[in-house]
Every structure is written in C-alpha cells, then in structure tokens.
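The residues making up each chain are set out below.
Protein chains: 2
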Amino acid sequence: MTARNTKKGSEIPQGVIARLPLYHRHLSELADRDVQRVSSAQLGQEIGLTAAQIRSDFSYFGSFGQQGYGYRVQELLQQVSIILGLEKDYHLILIGAGNLGKAIASYANFRKRGFIIEAIFDANPLLEGNYLAACLIQPVDKLEAYLDSHTVDIAIITAPSEATPKICRCLVHHGVRGIWNFSPVHLDVPDHVVLEHTHLTDSLLRLSFRLNQQRSDS
Amino acid sequence: MTARNTKKGSEIPQGVIARLPLYHRHLSELADRDVQRVSSAQLGQEIGLTAAQIRSDFSYFGSFGQQGYGYRVQELLQQVSIILGLEKDYHLILIGAGNLGKAIASYANFRKRGFIIEAIFDANPLLEGNYLAACLIQPVDKLEAYLDSHTVDIAIITAPSEATPKICRCLVHHGVRGIWNFSPVHLDVPDHVVLEHTHLTDSLLRLSFRLNQQRSDS
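In the order they appear, the protein sequences are chains E and R.
Mapping to numbering that gives the first Met the number 0: the first sequence position 69 is 68, numbers consecutive.
Mapping to numbering that gives the first Met the number 0: the second sequence position 129 is 128, numbers consecutive.
Source of the hints: derived by calculation from the structure; they are not laboratory data.
These numbers come from a predicted model, not from an experiment.
One or more hints might be untrue.
Copies of the same chain look alike in the list, so a pair counts if it fits in one copy or across any two.
[Stated by the list, open to error] Dumping the calculated DMTMM-like pairs for lysine to aspartate or glutamate here, alpha-carbon to alpha-carbon at most 25 angstroms:
hint	residue 1	residue 2
1	Lys111	Glu86
2	Lys165	Glu28
3	Lys165	Glu45
4	Lys111	Glu161
5	Lys141	Glu127
Please build the complete structure, drawing on both the sequences and the hints.
What follows is the structure, encoded as structure tokens:
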C-alpha cells in the first residue's frame, strides 16, 4: 500500500463524520457481495459523491487506496467500523413497546452491527410478560431496578411524548450515556450524555417544504 | 407590529430551513397550551439556541416580533406552516405494512399536520383485506392501477430493501414527486422528485460514534 495524502490523526471534520454511516452501509454491501476492491469513482457514482470528495474523506481513515488499484473493501470497512465504534458490542434497552418500539426491536440490522436490545419496558400492564423479538417486556416501574443492576450503553425511547422527559431523567440519573429518542419533545441532558433524536414528523415537514419550494420554482 | 431587521423575500439559508421543523414543533406546543406570545430568549432556552439566532432566523419569515413584547405565537406558527407547505393537505400512500409501516400509519401527528395516508400496499397476501389505521391494505401488484387513477403527492416506502428500487421506479414513472424512503438502499431519482431518506441504522451509528469519541476524549 502506498500512503498518499493521508490526513490520519488529524481531527475528522463534521461533514466527514456525517458521511461515515453512509460509507459503512455501502462498504458493507460491497463486502456482502464479496467485492474485493472499489475505486473512488465507482463508489462515488453509487452514493452520489465525487471521486475527489471520497478520496479526501478516506484520507482521514488511513491509507487504504493505491493508484490504479482502488480501495481494499475489507480493510476500509474495518477501519470505518473502528472509527464508528462498531468493533465492540453495545448493551441496549428499549422503553416503549408500541408499533415503533416493535419495529425497532425487530430490526435485524441493529443486532448485526452489535447493538443488542437486552430488555424492553412498557407502561401498559397488558404487555407485561409478552415477548418482543425474543426479549421479555417488563413493566416500566422495574426500569430503575434494572438500571441499578445492569450495564446499559444506549437506551432507545419510543414511549409517548408526555412520559419521555421523566424516563430520560431516570436514565441519566442511573448513568446511561447514550439516549436515542423518538418522541417529539426537547430533552435536556448533561454534556456527558450523547443524545440522538429521530423526529419522524420533521422528515415529513422537510419533504413537504422541498416539494412546495419546487412547485413555486417551476 | 414593528418591522425590524426583516429579511423577508431573501432566499432562506439551508441552516434556517433545517430548523423550520423544530420551530414548527415548538410553536405548535405553545399554541396548544394557548400561549399568546413568546420572547426569542424564552424560545431559545427551550430549544437550545441563542435569542440572537432565533431573531435572525425569524427575520426571514416576516416581521412578527415587537421589542419588549416578543413574537405572536399564532401568527408566527401560521407563517412557518405556510413556508413548510402545511396550509394544504397531502395525499399519501404507504408501501410496506410491516412493523415500521404500522408505526408510521398509526402516527397521529402526521394526520394532524395534513398528511393523510389514503392507501396502503403490501406484498404479503395474508395482509390483503386487513385494515391498518382505518386504511385497507391492498396487494402491491395493485399499486400501478392505483397510481393511474389517484393523485399521490408523497409515497412512504417501508418495504424490504430488495423490493424498494423497483417500487421507487414505479412511483417515479407514475409521476409521484415526493418519496420518503426508510430502506437502507441508495435510490436514484430524477431531479424533479424530492427524496427524503430516514436510515435508522445511521442514527444508531452516529450515536455510537459520538459515545466512542467521548470515551477516547475522557
């Protein structure tokens, strides 16, 4: 391998970080298809970026390219995985076993990436004792006791909005450092807690804005 | 009302556009609670932005603020709604009635904002004739006939990845201009089609990256 334009060690810019999951997804697809190497031009075409952009981004991860040869898919995927923190398993819990909770718990992709949901909680007493994706649904009032006796890296909240702030405070109080929230409410967490929001309505509003803007342009 | 620093008419920057759904969400909450007016400082505190940032953003929407009085919630909400294209109803269809499809179809917030799912399609023949959120599930091979005879503004794809590219081509071919895709596949659409992706795994990867980065910082 020939190092070229390697920026490894320098801080990775936000724009590159935002594209890491995209790279991971496409490199995984290539690896699944047993593709050994890929050029920046090919990869760029598949994901809608220029070859130069890809070369510039990848130079932050180390030197995996060779002029005229392309990138070694497996090595590059491994490097992206390490940067993303995917070389280890994460202990997850899910709070809220409604439709969205069911969808999340059943999503095979998460498990494949090392995100294992180990406990599910719900406020509905009728769900108690049921299983969801091979995981027992427990009453939400057992959440505190669970957090006291188990390591939880990431908690996914798919509970109703009005219940979410209290759940979040409980998680933070018990030392959970990663929270993925689907409720359309603003949550305050201390700096050491990483909070990721997925607001489904926001996506639909962005879509309608862009549709609308296009109409007024044409 | 006193106009001040109004930039109305100038093109709205991407950063402001990205915050529009956030503003819409918070102003809706305030309106639901019958709050008449809000200062940029209050609003900023609630959503984690500075008062100056909020004043600068809102100046693109017209003049709704008054020194020492704050913003009129209803008027501002209406203006944000118009910019987002929410003053009209949208005809939606959903393809894929699995767990995620069920969650989306049952999400009351969409209907409240004027996004009405009028038809649901699924490839599973066992689901045919079932109802989901008061909407009949039809076999996916009836999708083309439906598109021929109905106006569809936005199609939501919650189908398996392998089925998604074909569905997308069919939608584009029949003139659907808005597509919201949940499958982790890259889709090519012509420029006149607005495509919004929600990749759930990407959110989890971002979360794990940030968790991991924090650990290596500390």
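Verification of the supplied hints:
In this homomeric assembly, Lys111 and Glu86 come within 25 angstroms of each other (Cα to Cα) only inside a single copy, at 12 angstroms, whereas the closest approach across copies is 42 angstroms. Taking the closest pair of Cα atoms, Lys165 and Glu28 come within 25 angstroms of each other only across two copies (18 angstroms); inside a single copy the shortest separation is 39 angstroms, beyond that limit. With identical chains, the CA atoms of Lys165 and Glu45 are at most 25 angstroms apart between copies only, with a shortest distance of 17 angstroms across copies and 43 angstroms within one. Within a single copy, Lys111 and Glu161 get their C-alpha atoms only as close as 32 angstroms, which misses the 25 angstroms cut-off; across copies the closest is 17 angstroms, which meets it.
Proximity of Lys141 and Glu127 under a CA criterion of 25 angstroms is satisfied intra-copy only: 11 angstroms inside one chain copy versus 39 angstroms between copies.
Against the hints set out earlier in the document, no violation occurs for any number.
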